[in-house]
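Colleague: Please take these sequences and the hints and turn them into a complete structure.
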Amino acid sequence: AQTVTQSQPEMSVQEAETVTLSCTYDTSESDYYLFWYKQPPSRQMILVIRQEAYKQQNATENRFSVNFQKAAKSFSLKISDSQLGDAAMYFCAYRSRKGGSEKLVFGKGTKLTVNP
Amino acid sequence: GAVVSQHPSWVICKSGTSVKIECRSLDFQATTMFWYRQFPKQSLMLMATSNEGSKATYEQGVEKDKFLINHASLTLSTLTVTSAHPEDSSFYICSARVKWDRVNTEAFFGQGTRLTVV
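The listed protein sequences derive, respectively, from chains A and B. Under my numbering, the first sequence is numbered contiguously, ending at residue 116. Under my numbering, the second sequence is numbered contiguously, ending at residue 118.
A few of these clues could be false.
[Said to hold, decoys possible] With a straight-line Cα cutoff of 25 angstroms, these simulated DMTMM-like cross-link-like pairs (lysine to aspartate or glutamate) come out: (1) K55/A to D101/B; (2) K41/B to D86/A; (3) K73/A to E102/A; (4) K64/B to E61/A; (5) K108/A to D88/B; (6) K103/A to E63/B; (7) K103/A to D27/B; (8) K98/A to E52/B; (9) K103/A to D31/A; (10) K78/A to E106/B; (11) K73/A to E106/B; (12) K98/A to E59/B; (13) K64/B to E22/B; (14) K108/A to E87/B; (15) K66/B to E22/B; (16) K103/A to D88/B; (17) K108/A to E61/A; (18) K99/B to D31/A; (19) K111/A to E17/A; (20) K66/B to E102/A; (21) K103/A to E22/B; (22) K108/A to D86/A; (23) K55/B to E102/A; (24) K78/A to E10/A; (25) K70/A to E106/B; (26) K41/B to D31/A; (27) K111/A to E61/A; (28) K78/A to E15/A; (29) K41/B to D88/B; (30) K108/A to E63/B.
The hints are simulated quantities; they were obtained by calculation from the structure and are not laboratory data.
Modeller: Encoded structure:
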């Protein structure tokens, strides 16, 4: 079974600075997706960024980028120019591509605080 | 974008009663929906996968007789917590799958339901 580990329960960053959230995962599969989701105080889960394992290029979405290291099974999220609205819980998630599986396996989350 | 609406946002019920939570895909058809449970300061744990027109697939350890799931149409899945007890108090979140093309799919989440059993 796949597992996702987020080793940082909490992180903080100054507004306009850069922060990196860590995520590692364990799988025996070679083809899969990785995601970062944001859960603000409203509790609505929002997709931040997605990476397909077969793509070597790291995904980027505006101020959000990932460092995907497939061999190390590492998938960190970098938030540049942090804004107050970035404060939230961030969850790393894994999804297999095998057999049309749609199950998302989540890490325990990292609470990000943005200080003004 | 795709919108998933969950209702109610919060509910308080008495111990021993049943409560139904609805999950609707507003602008797309969802053949598959997912129900998660989230304890305070914890991650989301998948409870079951709901497939339109067929029985739900429950994760190990989830009581199917306690958490009844019905996916009667392509836009609605319901989760009924039967004979609720205080330990069932939690945050329940649904998600629905959007199929962009033959290969690419994406999950969109409802806003969640906070259930408190007193």
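Colleague: Does each hint fit the structure? Answer for all of them.
Modeller: Now the hints, each set against the structure:
no., hint, verdict
1, K55/A to D101/B, "holds, 18 angstroms"
2, K41/B to D86/A, "holds, 18 angstroms"
3, K73/A to E102/A, "holds, 20 angstroms"
4, K64/B to E61/A, "violated, 39 angstroms"
5, K108/A to D88/B, "holds, 20 angstroms"
6, K103/A to E63/B, "holds, 19 angstroms"
7, K103/A to D27/B, "holds, 22 angstroms"
8, K98/A to E52/B, "holds, 21 angstroms"
9, K103/A to D31/A, "holds, 14 angstroms"
10, K78/A to E106/B, "holds, 22 angstroms"
11, K73/A to E106/B, "holds, 22 angstroms"
12, K98/A to E59/B, "holds, 18 angstroms"
13, K64/B to E22/B, "holds, 17 angstroms"
14, K108/A to E87/B, "holds, 20 angstroms"
15, K66/B to E22/B, "holds, 16 angstroms"
16, K103/A to D88/B, "holds, 23 angstroms"
17, K108/A to E61/A, "holds, 23 angstroms"
18, K99/B to D31/A, "holds, 18 angstroms"
19, K111/A to E17/A, "holds, 16 angstroms"
20, K66/B to E102/A, "holds, 24 angstroms"
21, K103/A to E22/B, "holds, 20 angstroms"
22, K108/A to D86/A, "holds, 18 angstroms"
23, K55/B to E102/A, "holds, 16 angstroms"
24, K78/A to E10/A, "holds, 15 angstroms"
25, K70/A to E106/B, "holds, 22 angstroms"
26, K41/B to D31/A, "violated, 30 angstroms"
27, K111/A to E61/A, "holds, 20 angstroms"
28, K78/A to E15/A, "holds, 14 angstroms"
29, K41/B to D88/B, "holds, 16 angstroms"
30, K108/A to E63/B, "holds, 23 angstroms"
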